[in-house]
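Just so you know, the protein sequences line up as chains A and B, in that order.
Numbering-wise, this note's numbering puts 162 at position 162 of the first sequence, and it's gapless, one number per residue.
So the number in this note's numbering is just where the residue sits in the second sequence, counting from 1, plus 250.
No wet-lab data here; the hints were simulated from the structure.
Check each hint, because a few of them may be wrong.
[Unchecked claim] Now the stretches of chain A that chain B is said to cover, found in silico as 3 or more residues with beta-carbon under 8 Å:
(1) 1-7
(2) 30-42
[To be verified] Pairwise CB distance ranges, derived in the manner of DEER restraints:
(3) A:Q12 - B:G368: 49 to 57 Å
(4) A:G103 - B:D341: 54 to 62 Å
(5) A:M217 - B:T290: 47 to 55 Å
(6) B:E309 - A:A244: 43 to 51 Å
(7) A:N246 - B:G306: 17 to 25 Å
(8) B:R374 - A:I243: 54 to 62 Å
[Claimed, not checked] Covered stretches of chain B, going by a simulated chain A footprint (3 or more residues, C-beta under 8 Å):
(9) 265-275
(10) 328-339
No residue lacks a Cβ here, since even glycine has one placed at the ideal position from N, Cα and C.
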Amino acid sequence: MYAAASGMAAQQTNLEVIADNLANADVAGFKQVVASFTDVNAGGSLGLGTATAGKHPLFAQGKLMHGGGPFDVAIDGAGFFRVERAGVLAYTRNGEFTRAADGTLRNADGWALRDIRIPAEATAVHASTNGRVIIDVPATNHTIDVPPVTGATERTIGTIRLATFAAPEQLLPLGGTVFAATHDSGPERRIEAGRATGPSIQFGMLERSNVSIIESMMQILTAQRAYEANAKGVQAADEMQRIANNINRG
Amino acid sequence: MDWMASAMRAARAQLETATHNLANVASDGYRRARAAVILTPGGLVARETPDPVQGGIRETGRPLDLALLGPGSFRAGGTETRNGAFLRDRDGYLADQQGRRIQGQSGPIRLSETAVVGTDGAIRDGGRFVGALPLPRGTTVRSGALESSNVDAISETLGVLTAQRAFETAQKTLVAIDQTRDKAVNDVGRLK
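Assemble the whole structure, with the sequences as input and the hints as a guide.
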């Protein structure tokens, strides 16, 4: 009975994970999460059912698309943006940023891109594939000593640095698209974008989630069937118990 | 009567096997147990044997997802498993999802992101040999795929129902025998 019940619990977990994937299928930079299960045995061959072995994000690259926002940015290749909120450092592949009042670039949950602050006088922002962030400022700005040619001049204000991890699957999800480093993921290693091999920064682009809606729907059907089959098992075990209890009543 | 009790116990064990299998319909690399009811001098007994049928191979595209084609298993820590959903741990060693390191022919295997697992189980990192998975002769490894559980939910549900009916039958028979004895002991030879 408990083996079958553990199967129902596992499929419940599975359904929750798949539903969460589906809910985030349209969120830029979201990574599909997969729950995996393992059988549980008490010593010898006595089967105790199943248990969740882990829930891990799959960091397969999502497709890049044109974002349409003035501060959209995507990573083509491995690595994460380094973001910060209330002094906490975290990591994300969601580059759907908007400019906050203090000049920082923040995502929908208020996580700000580290090391980048857009000055008020900037009229346009772009970034090169190596992560260098360049702004246009009006030529009349007296802090610029280079003579203007086209009426505006460019200035580099910082570089978007990326982080990688020895075991990214062990990062701790902080909800949505943001992750925190853990002991098992190892510490962050900072890498530069735009090298011959390795990630590059794609300004104006967004990374789609890597969730396949069709695949997720199929997974839901399979999980539902498995849940029902396990429910049958619980029912049968219960029925046997009932018969055994009533044995001397004929 | 003892026989019928043993038949009920055997049916109960069959049910436990079937429900354990069902619970693991989504456990990658799981091999179902077969419960066969056999006749022994002590009555009916359910014997469990592993069902060695290969599970389905599912493409995942992750290079460190490994599926075994053929017999054998991976050694993760002190246990054996056919679930090849592996990762690199924080120190760069090949490990399973619970963090247990996978044993190669000569100890744990350290590898980089670019390592390639060959069909013969040999792991190369930029052309350099870094370790090999111990495999029985004839077994090959498929990288980028996982072996699904070999449990078929439909046939396992049938197993559950069969066990339930067998249990009922044994119980009914047991009651019938009991009633017959009741008659023999209490009613035979009674004078009205």
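- Query: Any hints this thing doesn't respect? Which numbers, in order?
  - Reply: 3, 4, 7
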